[in-house]
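Trainee: Residue strings, one per chain:
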Amino acid sequence: MKTRKINSNTMLLLITIALFFVMYIAGCAIYASKGFAHLQTFLNILINNAGLLCVACGMTCVMLTGGIDISVGALIAMDCMLLAVGMERWGMNSMVLCVLVLAVGVVFGLVQGFCVGYLEIQPFIVTMAGMFFARGMTAVICTDQVSISANEFFVKLANMKIEIPFGAYTNSKGVLQVPFIRITVVIALVVLIAVFLMLRFTKFGRSLYAVGGNEQSATMMGLDVKKTKLKAYVLSSFLCSIGGICFCLNTMSGSVRQALGLEMDAIASAVIGGTLLTGGVGNVIGSFFGVLINGTISTLVKTHGKLLSSWSNIAVAALLCFFIVLQSIFAKLKDNKK
Amino acid sequence: MDQNVVLTMRGITMTFPGVKALDHVDFTLRSGEIHALMGENGAGKSTLIKCLTGINAFEAGEIHVAGIQGPVVNHSTLDAQKKGISTVYQEVNLCPNLSVAENLFIGREPKTRLGTIDWKEMNRRSQKIMTDLDMNIDVTQNLEEYSLALQQMIAIARAVDMDCKVLILDEPTSSLDDNEVAKLFRLMKQLKEKGVGIVFVTHFLEQVYAVCDRITVLRNGQLVGEYPIAELPRVKLVAAMMGKDFDDLAAIKSEEAPAFSDEDLLIDAQGMSHKGTIKPFNLQIHKGEVVGLTGLLGSGRSELARVIYGADRNQTGTLKVKGQEVKINAPIDAMNLGMGLLPDDRKAEGIIGDLSVRENIILALQAKRGMFRLLPMKEQVEIADKYIEMLQIKTASRETLIRQLSGGNQQKVILGRWLATDPDFLILDEPTRGIDIGTKTEIQKLVLKLAGEGKSLIFISSEIEEMLRTCSKMAVLRDGVKVGEITEELSQETVMKAIAGGGSDE
Numbered sequence: 066m067k068t069r070k071i072n073s074n075t076m077l078l079l080i081t082i083a084l085f086f087v088m089y090i091a092g093c094a095i096y097a098s099k100g101f102a103h104l105q106t107f108l109n110i111l112i113n114n115a116g117l118l119c120v121a122c123g124m125t126c127v128m129l130t131g132g133i134d135i136s137v138g139a140l141i142a143m144d145c146m147l148l149a150v151g152m153e154r155w156g157m158n159s160m161v162l163c164v165l166v167l168a169v170g171v172v173f174g175l176v177q178g179f180c181v182g183y184l185e186i187q188p189f190i191v192t193m194a195g196m197f198f199a200r201g202m203t204a205v206i207c208t209d210q211v212s213i214s215a216n217e218f219f220v221k222l223a224n225m226k227i228e229i230p231f232g233a234y235t236n237s238k239g240v241l242q243v244p245f246i247r248i249t250v251v252i253a254l255v256v257l258i259a260v261f262l263m264l265r266f267t268k269f270g271r272s273l274y275a276v277g278g279n280e281q282s283a284t285m286m287g288l289d290v291k292k293t294k295l296k297a298y299v300l301s302s303f304l305c306s307i308g309g310i311c312f313c314l315n316t317m318s319g320s321v322r323q324a325l326g327l328e329m330d331a332i333a334s335a336v337i338g339g340t341l342l343t344g345g346v347g348n349v350i351g352s353f354f355g356v357l358i359n360g361t362i363s364t365l366v367k368t369h370g371k372l373l374s375s376w377s378n379i380a381v382a383a384l385l386c387f388f389i390v391l392q393s394i395f396a397k398l399k400d401n402k403k
Numbered sequence: 005m006d007q008n009v010v011l012t013m014r015g016i017t018m019t020f021p022g023v024k025a026l027d028h029v030d031f032t033l034r035s036g037e038i039h040a041l042m043g044e045n046g047a048g049k050s051t052l053i054k055c056l057t058g059i060n061a062f063e064a065g066e067i068h069v070a071g072i073q074g075p076v077v078n079h080s081t082l083d084a085q086k087k088g089i090s091t092v093y094q095e096v097n098l099c100p101n102l103s104v105a106e107n108l109f110i111g112r113e114p115k116t117r118l119g120t121i122d123w124k125e126m127n128r129r130s131q132k133i134m135t136d137l138d139m140n141i142d143v144t145q146n147l148e149e150y151s152l153a154l155q156q157m158i159a160i161a162r163a164v165d166m167d168c169k170v171l172i173l174d175e176p177t178s179s180l181d182d183n184e185v186a187k188l189f190r191l192m193k194q195l196k197e198k199g200v201g202i203v204f205v206t207h208f209l210e211q212v213y214a215v216c217d218r219i220t221v222l223r224n225g226q227l228v229g230e231y232p233i234a235e236l237p238r239v240k241l242v243a244a245m246m247g248k249d250f251d252d253l254a255a256i257k258s259e260e261a262p263a264f265s266d267e268d269l270l271i272d273a274q275g276m277s278h279k280g281t282i283k284p285f286n287l288q289i290h291k292g293e294v295v296g297l298t299g300l301l302g303s304g305r306s307e308l309a310r311v312i313y314g315a316d317r318n319q320t321g322t323l324k325v326k327g328q329e330v331k332i333n334a335p336i337d338a339m340n341l342g343m344g345l346l347p348d349d350r351k352a353e354g355i356i357g358d359l360s361v362r363e364n365i366i367l368a369l370q371a372k373r374g375m376f377r378l379l380p381m382k383e384q385v386e387i388a389d390k391y392i393e394m395l396q397i398k399t400a401s402r403e404t405l406i407r408q409l410s411g412g413n414q415q416k417v418i419l420g421r422w423l424a425t426d427p428d429f430l431i432l433d434e435p436t437r438g439i440d441i442g443t444k445t446e447i448q449k450l451v452l453k454l455a456g457e458g459k460s461l462i463f464i465s466s467e468i469e470e471m472l473r474t475c476s477k478m479a480v481l482r483d484g485v486k487v488g489e490i491t492e493e494l495s496q497e498t499v500m501k502a503i504a505g506g507g508s509d510e
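Residue numbers (our numbering), protein chains in the order written: chain A, 66 to 403; chain B, 5 to 510.
Since the hints were derived computationally from the structure, they do not count as laboratory data.
Be aware that one or more of the hints could be misleading.
What the hints assert, rightly or not - With a straight-line cut-off of 25 Å between C-alpha atoms, the simulated DSS-like cross-links for lysine-lysine are:
#, chain 1, residue 1, chain 2, residue 2
1, B, 54, A, 292
2, A, 292, B, 132
3, B, 198, A, 268
4, A, 291, B, 87
5, B, 54, A, 268
Bound-form chain B, shown alone (with noise of 0.2 Å):
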């Protein structure tokens, strides 16, 4: 082992029931680096990251830890810890009913000679933790009482004070706005003088660039490779993380964008955001327009269309739907305004596997007219099959439950629920995702059918290529901003570039 090594992971190997979550995949943390973790989600990233918690268990490989004989596998975080692996996740893993001092100490509390806990000592050592690290805070108030990224930092401070050598941050910043992150940056740096080896898991592109030293990318459970930062711009970054070659991507020009005039406006999205997912975005939708958004994971594309459709809420800035202002509060007003929300998520928010095709597919209808005026089911049993020939859904019969049809005619049977309201306006979000190619095709299809009738759409896409087939202009969102729109020369690689940002790389 390197000197300056403080953990190698070698040939890790997990699955998940018919998933290979981990294959092979190796990785190297020097001391005194801040090494990011980069991947799209379901890249592996965390996974990863719990086999060497030992929140998960894997199946192949060997971990090597500096200053331990032989392979280290540890069975639970406090193994981890011992071992001098410290773990800060996203949502900040204290007790807000405690004190500052407490978090700090429990389960290690210095204690006085009767074996009770010495709180004037554990005060002392945690305010003395605290001043070591810029913090001017007072320890014996509970956690509750200071801001998100304090408590992180908190959080950070709790793990070093054990004495750890490597610091995983998994995604510390997504709560954080700019000045904390700023803040805790500063900590990282601070820490890395130390010697700690730090790995920083997030989808922020920009803090990556304004920290790192090095990335290792990881797509599908496999190593794409390690790269110091300086070899890896941008542009190649993504490209990495989306298993493009660069090279590779021929350009599909776009149909002649049509032109939409001002009176066709339907959505007029001015300086909307929701704190923590979204920035303030501008956004203009016309009738009959396929607008495209863009961008990595986690970017903020659903989370933009989230607020327009009022599932998150809209916290500044305006909506005008065909002019008129209005205010949407939840989902029921944007569906009574015409709307209509197809979420990427369709087993957890969209389908309701009890229930049947027919069921499923009045469900929004039914919830707009609101509980008290049930459909009659003879414009139930029409409805249904009007939409099951229509979208041509593989099923057994309109009564069979929706569970039992493969995911890509559940998906189009959500996508018939929102068509069943007639809707002037639909945001798709992920439609083709995990159906076969076949199926992507003819939702394509229908989008610009649905487009070409003067329905207004969002569609959201991680594949590039169904947007270019699909869309009329492309927004590209990073780390929860807006950063452009795309209309003309629509193109993979003014998207790609686009998505990348920070365009001087090339």
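Pulled out of the complex, with its shape left as it was, chain A reads as follows (with noise of 0.2 Å):
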């Protein structure tokens, strides 16, 4: 009795690990010679994706609760506009920048939020809304592209190197490479760790699953559905836009066309985890691993030199066929078993 059985979510999880290494070892023994298998090829990953970890993050709170937030793009691209803008046009400050921008955020979340928990619009409507609004808003601060290099702290911060203590090699030329992370993957990495604990050991974190399993049943329960869905739309865009700000140190420039797409690629990590987009289950440490399968595939692609980066578009499609057919059958298995 005291077996701890291996359920059907865990092995879904577990499924996406061993994908993640299967296919980062393999990377690493055909691109040996290309440099894949250094320790700064998979912290390129991690600095690249920074931005998108915090929005799957997010967006896996979301989805735990039956929903989907599909304007988060739009919502990194109005952020990093905003502070390229600001930064560049206005000459304000950078952190204040980065306040408004979350404030930005958390008001942006409660307006969806009060749409989809209180008035009960499908979540997919109201955050189309708001994907609409939130790239329209980005043209109209500016339809520029706009790079940011006035901003001394702001350059600073997104140069920082922040050193690995192992790892390091010399390279055929002969100069020492320290690995490194940048400040952006320091932030991505505390979200993460915060949103799981949340997840795990706060009330809240437990009524999202409680709503994604059964909503009727989480009331009769009585926990404030309503006010849980709101809350995590609200979480959704306040970590959406600690990743518009993660986003802007990479990109360092604000565009219209910025980030385009990526709620999809959010909604890819988080299902690739294990999440299910009908609610009630899925980690973020399913997302996680979701968001680096989804960079180790592009960094193949990348270093392979001669594919077209659509490749990449064509696998993560391969792979979340792959994993929606795969959550099927466990779900056609549980149901016998009944």
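Mind assembling these two chains? They're in different frames, but the hints should get you there.
Mentor: Have a look at this one:
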């Protein structure tokens, strides 16, 4: 009785993690000559996807309730534009701007969450409206591509290297390469851990699962479903804004076409990580590996050098299919058992 | 208030638009008793429960709960829970994706000093609750790993642990098998010993007599009475629920039952069943025979018909049509074998309100032909006109939208729909519910006429008189089991006795 059975959801997560390692180790073996095996390659995946990771954490929370948030890509574009224009054109302090961006995220989430939770409108519609609004606002703020170069503090922050005390190597030219990460990776990992703990150890975290598991039951058990949903969307937009800051630190620019389709990457990462679109099942650890798999695929495609970058999309599509089919097979098995 | 009484409801009145759902209903619950709340569907059982638990607001009346001064009005389930009134519904209202322990404690989880959820403590306490109730299960597993019965009991455990004085069980047994029901009853008796007052809503008569101490009967939103179980034998309970005073029933002798030979056998069902709704049954229907399915609402009348028709999957046994064994996986197979089903809920399953009378009539015929072999318009018009005339459907024109018709005429349109497919075998589930007397008689006549033409019918109705008039054989169902067939001496008395079962009480 005490032996802990591995249930199908844990199984899915394990498959995701295993897949990542298989993929990564295969990459190391095939592209060893191109330096794929160096620690820095992995760290670069983290650096490039720090923003996506923040967004995926928020997306996971929303998807746990059975909802979806497709406004995140556009919100990131708006955040980046606000930061870029704020610093370059309006000469604002970068820290003040960051706080402003986070505040915008919260307000954005409040409006979306209110519509979904209290007005009971389909999350897809609500966040689609949010998406159009944010993308439109981005263009209203500025239609140019604005690069950030004037704000010394922000530039310094973006270029800051946090060196890792192991994994150093000497390259072919005899220069010592010390592996490093950027501040964005630190931010993203803090977000990941915080959300993980929140989901596991707080009443709000468990309520997200309960709402996604069975909304009516959650109400009957005395949980405030509406408020839980509202909070989920606020959290998503807030984490998305943190992601937006990370994104901006990475690209150092704002443009209307930035982070186009990022919401889909976030959803794909969550699904690959074992989060069910129907809600109630999932974990940010899974989404983390989802993001890593996403990043590994595009790095592999880039490392190959001759492949069109669109091949990474096709690979992600194939993986999504694989995982969705897997999920439904597990669901069928579970039904049959009964 | 009597010392023992934990809950009194007095003069509860509530109206839904156009219907008086509850009319001055009283209800009293004492601690340590299991009190059955009985009545047919629509009698107001659920509404009364919902008034008590704060889901519906009532207009007049008072609720008193022991230990609380003054009248109590609950505004939500949570509100009721706080006052010690917990409800467990037919569908398990728990989250399958959370662990058993979480389901027991969600919303009131034990916290550590940091304010985070104390999983260790939660699991420990949950395990203790389960052990106390003789349930030896691993509380860290997800709820979905356990059977429906266990889930139901976990729901009850949650309710009880929340320190409830009143436990309402609303049809908790309808999806459980006998073994599981027995387990549930053991748990109920344990709780009764502990002094919990249990309201048991069910339509399984057997179960009422197995565990209850007292019965309150409702009919059409009105209180019929409250009786200690010993004073209300089954037949009287059925009479109370159906509103027929047993002595008043004049026996109506049916016509001499026509004899059917085995050659005329059309439908021969052997051991068919569907888990959770109808236990294995045998049923034989001859050509030109009208078979009535009788029993209380929810006894499995419609369910039996649905299994034959393939609307619910047949899980055991076989079905022979005209001596040939057939396999019906979906209603379309049944239709191709010449069957038709007129469902009891015509709003939800029958009419398509935004289509015209003509379109509704040709629907089944069209479905039978397949989507790509469209009936020519001329033929459609002919068919529609034929049945509008034959069934005397009162409609402005054949192109009138069906939702503008009265209930009785809608019913006739659906009847026309099935007749248009020229079926050999037609199942009519409550064809006369909610329609006026005149139309009722017309439909009854039509049933007899169809039988005379050699068609076979299953006729399901809550009105026994109507069935006595039309059926040559009645199959009696109780609690999802076909308990008997009556072919001779068809009378109200024999039928009602058969419905009530346990014939020794009189």
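Trainee: Now, for every hint given, state plainly whether the structure supports it.
Mentor: Hint by hint, here is what the structure shows:
1. 54/B to 292/A: holds, 24 Å
2. 292/A to 132/B: violated, 32 Å
3. 198/B to 268/A: Between residue 198/B and residue 268/A the Cα gap is close to 31 Å, so the pair fails against 25 Å, i.e. violated.
4. 291/A to 87/B: holds, 23 Å
5. 54/B to 268/A: violated, 28 Å
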